[in-house]
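Heads up: the protein sequence lines correspond to chains A and D, in order.
Taking my numbering, the leading residue of the first sequence gets 115, the next gets one more, and so forth.
Taking my numbering, the leading residue of the second sequence gets 1314, the next gets one more, and so forth.
Treat the hints as calculated values from the structure; they're not laboratory data.
Beta carbons are placed, not taken as given, at the ideal position from N, Cα and C, and that holds for glycine.
Hints are supplied without guarantee of correctness; some may be wrong.
Output of the computed footprint for chain D on chain A, the stretches with three or more beta carbons under 8 Å from beta carbons of chain D [as the list claims (entries may be wrong)]:
1. 293 to 304
2. 473 to 482
3. 588 to 600
4. 781 to 790
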Amino acid sequence: MSYLGQSVRRIEDWPLLTGRARFVADVSFPGQLYMRVVRSPVASGRIIGVDTADVKKMVGVVSVWSAADVAHIPPIDFRMTVVPGLEPYRQPILATGFVRYVGEPVAVVFADDPYLAEDAADGVFIDIDELDPDLDPTNPGRFHPDLTAEAAIVLKEYGDLEQAFARASEVVELRLSVGRHSGVPMETRGSVATWDVDSATLRMYGAAKVPHYNRKALASMLGLDEDHIHLHEGHVGGGFGVRGELYPEDVLVCAATMKFERPLKWIEDRREHLIATNHSRDQVHRIRAAVGADGFVLGIDDEFWQDQGGYVRTHAVTVSDLTAALLAGPYVVPAFRSTGHVVLTNKTPAGTYRAPGRYEGSFVRERLFDAIAARMEIDPVELRRVNLIGPDQMPFERGVDALGTSVVYDSGRYADALDTAIAELDYSRLRDEIAGRRARGELVGLGVALFVEKSGLGPNDEVRVTIGRAGNVEVVTGAASLGQGMETVVAQVCADYLGADLAAIRVIHGQTDLIGQGMGAFASRVTVMTGSATARASADLKVKVLAVAGDLLEADPADLDLTGGLISVKDSPGSSRLTLAEVAEALTSGSEMAGRHGPQLEATSIFTTTHMTYPYGVHAAVVEIDPETYECRVVRYLVVYDVGRAINPMLIDGQIVGAAAQGIGGALLEEFVYDDHGQPLATSFMDYLMPTVSEMPEVTAIITEMAPSPLNPLGVKGAGEGGINAAGAAIAAAVDDALGIPGAVTALPITPDRMRELLAGRSQAGPTLIGFGLIGSVGRSG
Amino acid sequence: MSQVDVRLSVNGELHAIRVEPRLTLADALRDRCGLTGTHLGCEHGVCGACTVLVDGLPVRSCLMFAVQCNDVPIATVEGLSDGVSLHPLQQAFWDHHGLQCGFCTPGFLMLAVGALAENPDPTDDELRQILSSNLCRCTGYQNIVTAVKAAAEQMRGGTAPGAPSIS
């Protein structure tokens, strides 16, 4: 029986269910010191001094550091998507000369007890000469007196845009924005580090996402040989893009354990998390489309401003790069330009969050298509059909690059995905029903949005599969787990390609001392990359197992079969069988078999790719608006998602539903609001509102396998981000529909106060008002 | 700061500890009793990851002090399973994929244990009301609701709907 395609229960759940898991806060060492960070209370200012004298006298306080104490450690470098000229915008591990956002680490206190460390941190006085903050990315200020706050411009373009606009029968132009929100995993960040003096080895626990990269970065920053640093990933309480990147606190913990020669522990609290861990989204777009008379979009010209916050962190310009590169989505769009301004402001620095650049881009693109449909009085779904890339055009060269790889949609049946959604919704009947309810005065609406995701970022992944003496199978990978179920998926692939029993397989990840390289877990890459490497290593190992077994059974390996961990002669039910343990045992050191086949049943494989895979799908939402409380309730939600091939449908369903919840949060609830002084107003879960079960509709996830990827042996595409991608777009369209105002929604999240304004506009203008064309779009003919 | 003697009775086991009066119950359980299954997600009483039972009722252990729990029975996630078989709620969370990262899971389990003890047969609305006490960032809650319903039915003596799983 094949494990692929089966909804097997997760192999990683037992410790998580029984309270035996080891999250970073659960890791402790005897004699450990606790670090507490003293953070900037103001958004922008010049540091006059940091007064630590009183605090240093407190019993139990070991030391207090400010910038001067770590001046020898360079700022945190970029992990990906680097463009020239970004270096001056990197974040120092402690604020140096200036503070650039509320929450920026200015000093750190080290004490014997966590409560004492917090008391002591309260006593550190930071003298700051406050400056006016820059808070508007569309009006860049200065990063330093002699350096602009516009750190980079990202440009992606193809085709003849001038001609497209010259030929257009309609031009539609919008100004749209997506609010500042982020991953906000339930576990806050943390780092625990130890320094072994004898072996001069640093170990850091609490690593996540990209342990191997972070080892390299830490080695370089701390002046250590890479072999003398090891990172250890324990259980990780969610990632979503923000967790596991290298942050100032991680470096400080490592530097301090080396300095004090004591284990060092830092656990972030929730307030810190909301002001110090990467924010995301927060873009303003001005987008223009040239449209032919039949609704075919001839060209799109987009300009956007990314509010990067106080510094450029590890992701460099990843979010803007992806926004621009994937903005055109599933549509042909023969001419295209997107210009992104990456602008520093005095807010928390921003990075990636699940479907980075696509949640924003899909909102903007699908708003644009809704506006075109309204302008041309075409059904929004039909307008999309006119513009979709057809299956005969695959593979489709988009004409731009993303994350350093050229964007080539590997496979896709976009119209079929749309048809699947339309059939599931019973679209015509549903539209009629909703129109009837609206006629009776209800504020109810339907929105549909399409998207293309990307997944499986290379360049490579390495996997080693070993069979132990007891017949147990160990898969070691440099990938990481953030709770997505990768252990189970990797084990399913291994079980199938090796012929082992799933229960015999253990998957080890995120340990830099067990495998030399690893890319980690991001960009929905693990099933594609690690899965493919696992398939190959497992298949190679099967050949080796059968070779040894052939010798033992005096049979031709080609006549042997390996299933469920048992080797038997094909088509001979009564013949003798071997277990994996017996084959492994035959390779005992010094044995004749070991001489012939080597001492160990082990295979290593590296899977390499130069292109990403592009899953795609459809979101649809039905919303109801309460005209008295201004609450917008999502009452039905549908995601159709083509992942090429589903290894474990239950886990994919979980990814989609969970991501949809985050998408709904970003569309209606979640926002990091700042006041005019740059003070963050969402610093607790009372202010930063995430969906509870009460805000969640029943989400239907339809997982399809219409277009397997030709780029990997499994045919898979990543499943992590499709569930969030077009949520803002679909909900915005549904709210428009409910209000009867096409184009009403121009900004996310649609919080009750914004809904109040929209409803006020509706009662003033009447239901026939066309809201689109907010920056004076002019229709023209000929 | 002066210290106070406290006797914490956790999962039937007595822990005699000496604590600062300001030590939260959550920190006492985690750092002084070695029971790290109780997680801290916000430390201001919203997320519910730290939910434990105090005298049978679900409470936020981040909002209680250890000294308030002297000689009061406390139950944490570590006490749900005997290490061989799972509690019906744990089993249902496993069967129905009611967890992803698992950080919020102990809080949801203890919330459900306490709530079902009080009302073994909640309506769907009542159940959603109860579960809206806690935050989960991974699952979108759908499978948590399914799992708790299945477990509730089994705990009432009925048969839980079949799990969608093969192993």
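Hint-by-hint comparison with the structure:
1. Against chain D, the stretch 293 to 304 of chain A contributes 6 residues with a C-beta closer than 8 Å to a partner C-beta. That satisfies the three-residue criterion, and the hint holds.
2. With 0 residues having a Cβ less than 8 Å from any Cβ of chain D, the stretch 473 to 482 of chain A misses the three-residue criterion, and the hint is violated.
3. Look at the stretch 588 to 600 of chain A against chain D: 4 of its residues bring a Cβ nearer than 8 Å to a Cβ of that chain, three or more, so the hint holds.
4. Coverage of the stretch 781 to 790 of chain A by chain D is violated. Counting CB-CB distances below 8 Å, 0 residues qualify, and the rule asks for three or more.
In summary, the numbered hints that this structure violates are 2, 4.
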